[in-house]
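Number of protein chains: 2
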Amino acid sequence: MTFNEKLKTIWEKTNSLVCVGLDPEPLRFPDHLKNVSDSIFQFNKAIIDATHDLVCAYKPQIAYFSAKGAENQLEQTIAYIKQNYPDILVILDAKRGDIGSTAKKYAIEAFERYGVDAVTVNPYLGYDSVEPFLLYKDRGTILLCRTSNPGAVDIQDLEVNGEPLYMRVARIISESWNTNNNCLLVVGATWPSQLIAIRKIVGDMPLLVPGVGAQGGDVETIVKSGQTIDGAGMIISASRSVLYASSGSNFAEAARCAAITLRDQINICRKKVTSK
Amino acid sequence: MTFNEKLKTIWEKTNSLVCVGLDPEPLRFPDHLKNVSDSIFQFNKAIIDATHDLVCAYKPQIAYFSAKGAENQLEQTIAYIKQNYPDILVILDAKRGDIGSTAKKYAIEAFERYGVDAVTVNPYLGYDSVEPFLLYKDRGTILLCRTSNPGAVDIQDLEVNGEPLYMRVARIISESWNTNNNCLLVVGATWPSQLIAIRKIVGDMPLLVPGVGAQGGDVETIVKSGQTIDGAGMIISASRSVLYASSGSNFAEAARCAAITLRDQINICRKKVTSK
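Going down the list, the sequences are from chains A and B.
In terms of the working numbering, the numbers along the first sequence are unbroken and rise by one, the last being 258.
In terms of the working numbering, the numbers along the second sequence are unbroken and rise by one, the last being 258.
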């Protein structure tokens, strides 16, 4: 199955567009996990077990592992999801981008070493920097288009031939790079008008939408702006608002509640909620 | 000492603008290193010992390590340089780029975990994605401006207000982001006219120039196009043409010869060669 086929299947199975971003920050872990050698894995495992029926994807952010030299716990986390919840997609949030020969190595890192279903990639270096990812036809390549951070205006909003750069990027990817139908775009949730503009350009291409929750995106406007005609088309990601819903020993239950709330807030606004 | 001060010191000490990119590819190693458990480190160590008096910097490309799950050998390689040749700068080629909270983690990865002097960063996400790196005032943040790969035209050459995006990026970094005087730019060696344009914008900001050697950049035009008035201003990087100058057991000697040749080709064209 291709990434998009798997995505459609899991959207229907869990009736959820929610993705939980795994940004494990040991300083924010509950006390009982603070002096555990594999605390990052244990934290992730508890979050995953508590939310697996509520999500379409998990999105581990590799920087949180790399900063700690904890690549092994990233491997463990991904293997745990794959073994126990094989339908759930795993997106490696790595925002890689380099010349072709190096990009091949990054594609191996994501798709072979970690074995993820999709990876986030930066488009600034152009097609040959993205092609090694696209050649994995059954995997998703999720390209940065318009991100959710304040500085996104600095480069992404520069005007190119009468439209902002991010719209041009969306157009290039949609028209030229998506020949294997395995491109997705990252579109931040902070400015819904951008979701509307990008949705018009890319048709039903799935969008990864981070920035919900701690980053402040409003769920209703996001869903109404970005959904496809069948009420899907988005992987809506929340990280800190779910992971750290409680700092106590009940963190996993609190994460479950936050994920349920988000799923339901989204589903209320979807054009047609697919029920099993 | 700041990165730029260290760079000036090592430029003068070795009388060399050459940087050797460490892109270790085990399939290309000589036979005697092929079944060694730490072959990547052993290969790098041999290259470093053979070239340390000929270079201003080493630039390990992290993707080559990550694809193999060999972060430990990256740590070993960097520690080896720091212990044995402490004046030589180490640039982590990682091309990181993410929202501020994640960029902090990537800055920790580069500057604290690996302890490098500088790291390459992608500017597409804007200022707050770069700031966590810039806050390490004694380290260098080397921002992608115009890269050396064929696909660089796709996004970087798009016209923004009458000039290509990469020139606008150079202007933004030079005018707004470089308040700690620790920004550098990556400018590929494939089109010297771009080096000339960028040099005009950024004054004497040091440029990291990859694409010499295997990627085909011509040394004379690069040096004449990119040097500052004192005949420096560039870190000129070659990887494959040095590392794999020979595939036999004499690979380190062959790398030394290739590095000498490159250093001398560069020095012949410099406005003023500083001699000790």
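Treat the hints with care, as some may be off.
Copies of one chain are not kept apart here, so a pair can be met inside one copy or by any two copies together.
Claimed, not checked - Here are the simulated BS3-like cross-link-like pairs (lysine-lysine), alpha carbons at most 25 Å apart as the crow flies:
| hint | residue 1 | residue 2 |
| --- | --- | --- |
| 1 | Lys16 | Lys253 |
| 2 | Lys206 | Lys86 |
| 3 | Lys182 | Lys27 |
| 4 | Lys16 | Lys(-5) |
| 5 | Lys206 | Lys50 |
| 6 | Lys16 | Lys182 |
| 7 | Lys50 | Lys119 |
| 8 | Lys50 | Lys253 |
| 9 | Lys86 | Lys(-10) |
| 10 | Lys27 | Lys119 |
| 11 | Lys(-5) | Lys206 |
| 12 | Lys16 | Lys86 |
| 13 | Lys206 | Lys27 |
Bear in mind the hints are in silico, worked out from the structure with no lab data behind them.
Original post:
Which holds for Lys206 with Lys86 at a C-alpha limit of 25 Å: within a copy, between copies, both or neither?
Top reply: neither (37 Å within a copy, 33 Å between copies)
Original post:
Is the C-alpha distance from Lys27 to Lys119 at most 25 Å within one copy, between copies, in both cases, or in neither?
Top reply: neither (29 Å within a copy, 38 Å between copies)
Original post:
Is the C-alpha distance from Lys206 to Lys27 at most 25 Å within one copy, between copies, in both cases, or in neither?
Top reply: neither (32 Å within a copy, 56 Å between copies)
Original post:
Within a copy, between copies, both or neither: where do Lys86 and Lys(-10) come within 25 Å Cα-Cα?
Top reply: Answer is neither; intra-copy 28 Å and inter-copy 34 Å both fail.
Subject >> Copy assignment of Lys16 with Lys253, given that the CA separation must stay at most 25 Å >> reply: neither (43 Å within a copy, 58 Å between copies)
Subject >> Copy assignment of Lys206 with Lys50, given that the CA separation must stay at most 25 Å >> reply: For Lys206 and Lys50, neither the intra-copy (39 Å) nor the inter-copy (43 Å) Cα distance is at most 25 Å.
**OP:** At 25 Å max between alpha carbons, let me know whether Lys(-5) reaches Lys206 within a copy, between copies, both or neither.
**Re:** within (22 Å within a copy, 62 Å between copies)
**OP:** Evaluate Lys50 and Lys253 at a C-alpha cut-off of 25 Å and name the case that applies: within, between, both or neither.
**Re:** Result: close neither inside a copy nor across copies, 42 Å intra and 45 Å inter.
Subject >> Lys50 and Lys119: within-copy, between-copy, both or neither at 25 Å Cα >> reply: Between. Shortest inter-copy distance 22 Å satisfies the 25 Å Cα cut-off; intra-copy 32 Å does not.
Original post:
Is it within, between, both, or neither for Lys16 and Lys182, if the alpha carbons may be no more than 25 Å apart?
Top reply: neither (47 Å within a copy, 52 Å between copies)
**OP:** Classify it for me, Lys16 with Lys86: is the Cα-Cα distance of at most 25 Å met within a copy, between copies, both or neither?
**Re:** between (37 Å within a copy, 21 Å between copies)
**OP:** If the cutoff is 25 Å on CA atoms, where do Lys182 and Lys27 land: within, between, both or neither? Let me know, please.
**Re:** Neither: 38 Å inside a copy, 53 Å across copies.
Hint compliance for this structure: hints 1, 2, 3, 4, 5, 6, 8, 9, 10, 13 are broken, all remaining hints hold.
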